[in-house]
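2 protein chains.
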Amino acid sequence: MRYTDLDKTESYKKLLSLKENAAARGGLDAARIRSCSVPMAGGLSYNWAAKAAGSGLIAVLAELAGEQELIDKYRALLDGETMNTGEGRKVLHHLLRGQLGKAVLHNGRDLGEFYRSERERFSAFAEKVRSGKLSGSTGKAFRHAVQIGIGGSDLGPRALYLALDNWAASRGRKKLSAAFISNVDPDDPSAVTAGLNLEETVFVLVSKSGVTQETLANELFVKNKLKNAGLDPGRHIVAVTSETSPLAHNPAYLDSFYIDDFIGGRYSSSSAVGGVILSMAFGPETFGEFLSGAHEADKLALERDITKNAALLDALLGVWERNVLAYPATAALPYSQALSRFPAHLQQLDMESNGKRVNRNGEPVAYATGPVVFGEPGTNGQHSFYQLLHQGTDIVPLQFVAFAESQRNDDLEVEGSPSQTKLNANLAAQIVAFAKGKDDPNRNKYFPGGRPSSLIHGKQLDPAALGSLLAHFENKVMFQGFVWNLNSFDQEGVQLGKILTKKVLSGASGDDALDEYGKLLGL
Amino acid sequence: MRYTDLDKTESYKKLLSLKENAAARGGLDAARIRSCSVPMAGGLSYNWAAKAAGSGLIAVLAELAGEQELIDKYRALLDGETMNTGEGRKVLHHLLRGQLGKAVLHNGRDLGEFYRSERERFSAFAEKVRSGKLSGSTGKAFRHAVQIGIGGSDLGPRALYLALDNWAASRGRKKLSAAFISNVDPDDPSAVTAGLNLEETVFVLVSKSGVTQETLANELFVKNKLKNAGLDPGRHIVAVTSETSPLAHNPAYLDSFYIDDFIGGRYSSSSAVGGVILSMAFGPETFGEFLSGAHEADKLALERDITKNAALLDALLGVWERNVLAYPATAALPYSQALSRFPAHLQQLDMESNGKRVNRNGEPVAYATGPVVFGEPGTNGQHSFYQLLHQGTDIVPLQFVAFAESQRNDDLEVEGSPSQTKLNANLAAQIVAFAKGKDDPNRNKYFPGGRPSSLIHGKQLDPAALGSLLAHFENKVMFQGFVWNLNSFDQEGVQLGKILTKKVLSGASGDDALDEYGKLLGL
Numbered sequence: 001m002r003y004t005d006l007d008k009t010e011s012y013k014k015l016l017s018l019k020e021n022a023a024a025r026g027g028l029d030a031a032r033i034r035s036c037s038v039p040m041a042g043g044l045s046y047n048w049a050a051k052a053a054g055s056g057l058i059a060v061l062a063e064l065a066g067e068q069e070l071i072d073k074y075r076a077l078l079d080g081e082t083m084n085t086g087e088g089r090k091v092l093h094h095l096l097r098g099q100l101g102k103a104v105l106h107n108g109r110d111l112g113e114f115y116r117s118e119r120e121r122f123s124a125f126a127e128k129v130r131s132g133k134l135s136g137s138t139g140k141a142f143r144h145a146v147q148i149g150i151g152g153s154d155l156g157p158r159a160l161y162l163a164l165d166n167w168a169a170s171r172g173r174k175k176l177s178a179a180f181i182s183n184v185d186p187d188d189p190s191a192v193t194a195g196l197n198l199e200e201t202v203f204v205l206v207s208k209s210g211v212t213q214e215t216l217a218n219e220l221f222v223k224n225k226l227k228n229a230g231l232d233p234g235r236h237i238v239a240v241t242s243e244t245s246p247l248a249h250n251p252a253y254l255d256s257f258y259i260d261d262f263i264g265g266r267y268s269s270s271s272a273v274g275g276v277i278l279s280m281a282f283g284p285e286t287f288g289e290f291l292s293g294a295h296e297a298d299k300l301a302l303e304r305d306i307t308k309n310a311a312l313l314d315a316l317l318g319v320w321e322r323n324v325l326a327y328p329a330t331a332a333l334p335y336s337q338a339l340s341r342f343p344a345h346l347q348q349l350d351m352e353s354n355g356k357r358v359n360r361n362g363e364p365v366a367y368a369t370g371p372v373v374f375g376e377p378g379t380n381g382q383h384s385f386y387q388l389l390h391q392g393t394d395i396v397p398l399q400f401v402a403f404a405e406s407q408r409n410d411d412l413e414v415e416g417s418p419s420q421t422k423l424n425a426n427l428a429a430q431i432v433a434f435a436k437g438k439d440d441p442n443r444n445k446y447f448p449g450g451r452p453s454s455l456i457h458g459k460q461l462d463p464a465a466l467g468s469l470l471a472h473f474e475n476k477v478m479f480q481g482f483v484w485n486l487n488s489f490d491q492e493g494v495q496l497g498k499i500l501t502k503k504v505l506s507g508a509s510g511d512d513a514l515d516e517y518g519k520l521l522g523l
Numbered sequence: 001m002r003y004t005d006l007d008k009t010e011s012y013k014k015l016l017s018l019k020e021n022a023a024a025r026g027g028l029d030a031a032r033i034r035s036c037s038v039p040m041a042g043g044l045s046y047n048w049a050a051k052a053a054g055s056g057l058i059a060v061l062a063e064l065a066g067e068q069e070l071i072d073k074y075r076a077l078l079d080g081e082t083m084n085t086g087e088g089r090k091v092l093h094h095l096l097r098g099q100l101g102k103a104v105l106h107n108g109r110d111l112g113e114f115y116r117s118e119r120e121r122f123s124a125f126a127e128k129v130r131s132g133k134l135s136g137s138t139g140k141a142f143r144h145a146v147q148i149g150i151g152g153s154d155l156g157p158r159a160l161y162l163a164l165d166n167w168a169a170s171r172g173r174k175k176l177s178a179a180f181i182s183n184v185d186p187d188d189p190s191a192v193t194a195g196l197n198l199e200e201t202v203f204v205l206v207s208k209s210g211v212t213q214e215t216l217a218n219e220l221f222v223k224n225k226l227k228n229a230g231l232d233p234g235r236h237i238v239a240v241t242s243e244t245s246p247l248a249h250n251p252a253y254l255d256s257f258y259i260d261d262f263i264g265g266r267y268s269s270s271s272a273v274g275g276v277i278l279s280m281a282f283g284p285e286t287f288g289e290f291l292s293g294a295h296e297a298d299k300l301a302l303e304r305d306i307t308k309n310a311a312l313l314d315a316l317l318g319v320w321e322r323n324v325l326a327y328p329a330t331a332a333l334p335y336s337q338a339l340s341r342f343p344a345h346l347q348q349l350d351m352e353s354n355g356k357r358v359n360r361n362g363e364p365v366a367y368a369t370g371p372v373v374f375g376e377p378g379t380n381g382q383h384s385f386y387q388l389l390h391q392g393t394d395i396v397p398l399q400f401v402a403f404a405e406s407q408r409n410d411d412l413e414v415e416g417s418p419s420q421t422k423l424n425a426n427l428a429a430q431i432v433a434f435a436k437g438k439d440d441p442n443r444n445k446y447f448p449g450g451r452p453s454s455l456i457h458g459k460q461l462d463p464a465a466l467g468s469l470l471a472h473f474e475n476k477v478m479f480q481g482f483v484w485n486l487n488s489f490d491q492e493g494v495q496l497g498k499i500l501t502k503k504v505l506s507g508a509s510g511d512d513a514l515d516e517y518g519k520l521l522g523l
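Same order as they appear, the protein sequences are chains A and B. Counted from 1, the first sequence has number 333 at position 333 by my numbering; the numbering is strictly sequential. Counted from 1, the second sequence has number 274 at position 274 by my numbering; the numbering is strictly sequential.
Quick caveat, the hints were computed from the structure, so don't treat them as lab data. Ideal Cβ placement from N, Cα and C applies to all residues, glycine included. Just to be clear, a hint being listed does not mean it is correct.
If you want a taste of the chain A side facing chain B, the calculated C-beta under 8 Å gives, among others [to be verified]:
(1) A217
(2) N380
(3) H390
(4) Q495
(5) L505
Calculated cross-link-like contacts (lysine-lysine; reagent style DSBU-like; alpha-carbon spacing at most 35 Å) [what the hints assert, rightly or not]:
(6) A:K445 - B:K503
(7) A:K19 - B:K19
(8) B:K459 - A:K502
(9) B:K438 - B:K19
(10) A:K445 - B:K498
(11) A:K299 - A:K174
(12) B:K174 - A:K174
(13) A:K519 - B:K438
(14) A:K498 - B:K102
(15) B:K438 - A:K445
(16) B:K223 - A:K519
(17) B:K174 - A:K227
(18) A:K19 - B:K174
(19) A:K445 - B:K502
(20) A:K13 - B:K19
(21) A:K73 - A:K13
(22) A:K498 - B:K19
(23) A:K519 - A:K227
(24) A:K503 - B:K445
(25) B:K73 - A:K102
(26) A:K19 - B:K13
(27) B:K8 - A:K519
(28) A:K502 - B:K438
(29) A:K459 - B:K13
(30) B:K14 - B:K308
(31) B:K73 - A:K19
(32) B:K223 - A:K174
(33) B:K308 - A:K223
(34) B:K445 - A:K73
(35) A:K73 - A:K102
(36) A:K308 - A:K438
(37) B:K498 - A:K308
(38) A:K133 - A:K8
(39) A:K438 - B:K73
(40) B:K502 - A:K438
In isolation and in its complexed conformation, chain A is listed as follows (with noise of 0.2 Å):
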């Protein structure tokens, strides 16, 4: 296999040659959305059709999916070879999905099997605390779950737990629900303990290195609060971590559940990390159909069609508006309340992965990496930021997520029309707007269109479309990773904070500017 920059490849050159036909718009009707559909897992399509990129185009973005061998590198990650070339790590997440590629070893033992038994002793916790046989200190069912974990402990987590709260809720099958608890910031688990019954609270503890500062201190935060409570904290624990951290095989939690160091952060959702708490409010078999959905999602991905492989295409049309449009952002725009956090998990897995200067070699690159990634739910977006959509100086690329139907089937009509019909006549118009813009004689009422975006959608966000979609972004992300020729699973970038964290709190930094800022600050 080879690994090439962007910039040596031959396709890039063609690319950009074709740079002159980006402004060509118009053409969006009909027919052009019925054929830029792309069938994806779970029930779900991706339509670029308002991307206004013609055949030309999808052509050499086929080449260059070929010249960087994107399939190859994905089936090589699947067959367990070192793909975090800087910390010397396989990369696994699919692998808690499913069997896709080998068998992957690692010290004699079979990794998919390893999940897999993780799997079954998380989903059988979970129904033991479902069924109230597994209880508090005092006796008391647990009633709360509330997860201790930052980054991709908290976000992955918290968005999917936000995305089938209402959908397990009105099918009967949320039995606890969920807090979260992440920030260092003693106001956070502050409030969300003083806001719950902790005799009916179960914690989980989401640590893979076991050292995460703001995770432990979180949890003799929470532990203190328990004692307090006069509860037996061992009784209302449990741990997520790796089998070699520091809080691994204590029998002082309620139990343990292991990922290893092949899982990283913001790709573990699909572990234990996600699993145990999911598990816990919305039972295994959800956890389950979640799963199915992700690793049917991550079986398409294997197509080597670009206009049949919705996460590759997604990929190049991304890397086409990076590096030969120069686009600096790109917004996540989904028309579901149900995912108002998907974006922020978005956000973590993008630019965490792919916000990079040096390739996997730890040589500098001369183009642009990962964009700034943000969003909120429509219609909300709309009444904020949507003017500088339309009318800013910059162009930002769009990724529209909607769904036919709501998720609790209680809806009002209004003049007319349900709110579900409003919520997506509402993204119909957008669509086109961004796309086709209007002329006005008054140029503050015009809007130039030609503002790029693509559509993905279903009939409803259950988990099966929920596992397709993330498993969408995290293999888009993936392969606009091997395009540019980066090490999209390590993040070197937030140890010198953490460094210098450490010096600040020692009280000798022997920096006069940390110190100065932590007097202002108050320390």
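Given chain A's structure and the hints, the job is docking chain B onto it.
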């Protein structure tokens, strides 16, 4: 007064010629940090030491402030001039907080008096709710308040509510809890109303125009829920609107409070739009302290010396970063869990105000205007998108906010320091890491530094500090709009979507692309 496009000014040419110095860095030491501090209202300070801006740049920025007559334009705005040119409206949100200019008359009415009298009315109303004198249709006291509104009627009030929730609760000032319904997605009102005892709930219906589609749909949704619960909707809903709206003067509401066309949605948190729900939840006194902090900030923003005017300096440094250094985005990063949704409000405030491609006369401008704004609280962001901020290929200026003390004063020492100390140690470390970077022979562990940030800091996030913070950003955005010669107070970019939505809902759009997207989305 002259209204000149930025690229036609003499000082802009000088700024461009300074660009070569942009790379200069180092020199961030205690002395510089002390010298780069600007006092703000509410006990806050603005520190720009980590911007690596030298005296030469500051001098040219001061010239720019003079040449674009920024303070004079602010004074004209305060005096009631028609600054929202496209819509022919005054811009009077400052007047909600106190009088700084001449008396502003409109149709013979003193608007300062009008705003004050409305505030007195809703303060008295809030006291009646808080004391239980006013109760719901079954005689039970109100314990919950739910705002129904979208955009400026949602994001600002919601951010402010969250910002003061813990502060008020731990001081015994919180009497009602609040929730918010904004999205036309039916799952939003369905889930919020399902989680409340409607007997004890008062709704605040907020729409200035009285015709906001999402808000009217959600009003009827809520009325239906109230009726189904055997309650009288008229005794559970209070309206905030303009006197000319279809919602005005309707005896079917508990009461109605008024704003007018001179209070833009994203600037309306200081009016009844934010005031009714905040006064009910935390008391009119708390809301009054918030307004005083904002008024004090408005006063300081009149200062002509840019090194003594935090909002003005922040605005000018932002123009330097946006137009000369060509940074496409800004991150808002509060090290305070209470400010978790403040970045979403700033996103609207900034992107809807200055995301424009024409000047105040409707002529296209030839330079970049408002940036993309995004953010999440630290330390959460550190474990998410900071990778890109440290080591990505684009530079993103950072706007930090922090406080020496937590709000709940409930903390625990772990490994030698309480969480609040860890929180702020992290921030001190980040500022220095972003500014200074770190060399390393392993380029994957190399931090280029030179990534500019500013810091707003104070003792505690109390109502006055929050008012100061809000006004700071409002005034920063206003000054930037003046520099760019924009009308920061309209939002024509949201209109096209509304028109096309109506077409879709009418069932005869006359555009087959619109119809096809409608079909995909289940319409």
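Comparing the hints with the structure gives:
The restraint placing A217 (chain A) at the interface with chain B holds, with a minimum CB-CB distance near 5 Å, inside the 8 Å limit. Interface restraint check for N380 (chain A): the shortest CB-CB distance to chain B comes to about 5 Å, inside 8 Å, so the restraint holds. Against a cut-off of 8 Å between C-beta atoms, the interface hint on H390 (chain A) holds, since the closest Cβ of chain B lies about 4 Å away. Checking Q495 (chain A) against chain B by beta carbon gives a least distance of about 7 Å; that is within 8 Å, so the hint holds.
For L505 (chain A), the interface hint holds, since its Cβ comes within 8 Å of a Cβ in chain B; the closest pair sits about 5 Å apart. Under the criterion of a C-alpha separation no larger than 35 Å, the hint pairing K445 (chain A) with K503 (chain B) is consistent with the structure, at around 18 Å. This hinted pair checks out: K19 (chain A) and K19 (chain B) have alpha carbons roughly 28 Å apart, not beyond 35 Å. Restraint check: the Cα-Cα separation between K459 (chain B) and K502 (chain A) comes to about 23 Å, which is no more than 35 Å; the hinted pair holds.
For the given pair, K438 (chain B) sits about 24 Å from K19 (chain B) by alpha-carbon distance, which is consistent with the 35 Å threshold. Only pairs whose Cα atoms come within 35 Å are accepted, and K445 (chain A) paired with K498 (chain B) is accepted, the gap being roughly 13 Å. The suggested pairing of K299 (chain A) with K174 (chain A) holds, with an alpha-carbon distance near 30 Å, which does not exceed 35 Å. A distance of roughly 31 Å separates the Cα atoms of K174 (chain B) and K174 (chain A); the hinted pair therefore holds under the 35 Å criterion.
A distance of roughly 23 Å separates the Cα atoms of K519 (chain A) and K438 (chain B); the hinted pair therefore holds under the 35 Å criterion. Straight-line distance between C-alpha atoms of K498 (chain A) and K102 (chain B) comes to about 52 Å, which puts the hinted pair past the 35 Å bound. Under the criterion of a C-alpha separation no larger than 35 Å, the hint pairing K438 (chain B) with K445 (chain A) is inconsistent with the structure, at around 48 Å. This hinted pair does not check out: K223 (chain B) and K519 (chain A) have alpha carbons roughly 53 Å apart, beyond 35 Å.
Between K174 (chain B) and K227 (chain A) the CA atoms are separated by roughly 27 Å; this keeps the pair inside 35 Å, and the hint holds. Our distance criterion of 35 Å between C-alpha atoms is broken by K19 (chain A) and K174 (chain B), whose separation comes to about 58 Å. At roughly 18 Å between alpha-carbon atoms, K445 (chain A) and K502 (chain B) fall within 35 Å of each other, so this suggested pair holds. For the proposed pair K13 (chain A) and K19 (chain B), the alpha carbon gap of about 30 Å is at most 35 Å, so the pair holds.
About 22 Å separates the Cα atoms of K73 (chain A) and K13 (chain A), which keeps this hinted pair within 35 Å; it holds. For a cut-off of 35 Å, the pair hint linking K498 (chain A) to K19 (chain B) stands: about 32 Å separates their Cα positions. This hinted pair checks out: K519 (chain A) and K227 (chain A) have alpha carbons roughly 34 Å apart, not beyond 35 Å. Between K503 (chain A) and K445 (chain B) the CA atoms are separated by roughly 18 Å; this keeps the pair inside 35 Å, and the hint holds.
Annotation: proposed proximity of K73 (chain B) to K102 (chain A) is violated, straight-line Cα distance about 69 Å (limit 35 Å). Proposed proximity of K19 (chain A) and K13 (chain B) is supported: the alpha carbons are some 30 Å apart, at most 35 Å. Distance check on the hinted pair: K8 (chain B) and K519 (chain A) sit about 43 Å apart at the alpha-carbon level, beyond 35 Å; violated. A threshold of 35 Å between alpha carbons decides the hint, and for K502 (chain A) with K438 (chain B) the separation of about 16 Å falls inside it, so the pair holds.
Restraint check: the Cα-Cα separation between K459 (chain A) and K13 (chain B) comes to about 55 Å, which exceeds 35 Å; the hinted pair is violated. Only pairs whose Cα atoms come within 35 Å are accepted, and K14 (chain B) paired with K308 (chain B) is accepted, the gap being roughly 22 Å. Between K73 (chain B) and K19 (chain A), the direct Cα distance comes to roughly 42 Å. Violation of the 35 Å bound is thereby established for this hinted pair. Proximity of K223 (chain B) to K174 (chain A) is assessed by CA-CA distance (about 27 Å); at most 35 Å being required, the pair is judged to hold.
In summary, the hint linking K308 (chain B) to K223 (chain A) is not supported, as the alpha carbons are separated by about 47 Å, beyond the 35 Å threshold. Proximity of K445 (chain B) to K73 (chain A) is assessed by CA-CA distance (about 24 Å); at most 35 Å being required, the pair is judged to hold. Between K73 (chain A) and K102 (chain A), the direct Cα distance comes to roughly 14 Å. Compliance with the 35 Å bound is thereby established for this hinted pair. For a cut-off of 35 Å, the pair hint linking K308 (chain A) to K438 (chain A) stands: about 32 Å separates their Cα positions.
As the CA atoms of K498 (chain B) and K308 (chain A) are separated by approximately 34 Å, the hinted pair is consistent with the 35 Å bound. Taking the CA atoms of K133 (chain A) and K8 (chain A), the gap is near 61 Å; set against the 35 Å cutoff, the hint is violated. For the suggested pair K438 (chain A) and K73 (chain B), the alpha carbons sit about 32 Å apart, so the restraint of at most 35 Å is met. With a CA separation close to 16 Å, the supplied pair K502 (chain B) and K438 (chain A) stays within the 35 Å bound.
Against the hints set out earlier in the document, violations occur for numbers 14, 15, 16, 18, 25, 27, 29, 31, 33 and 38.
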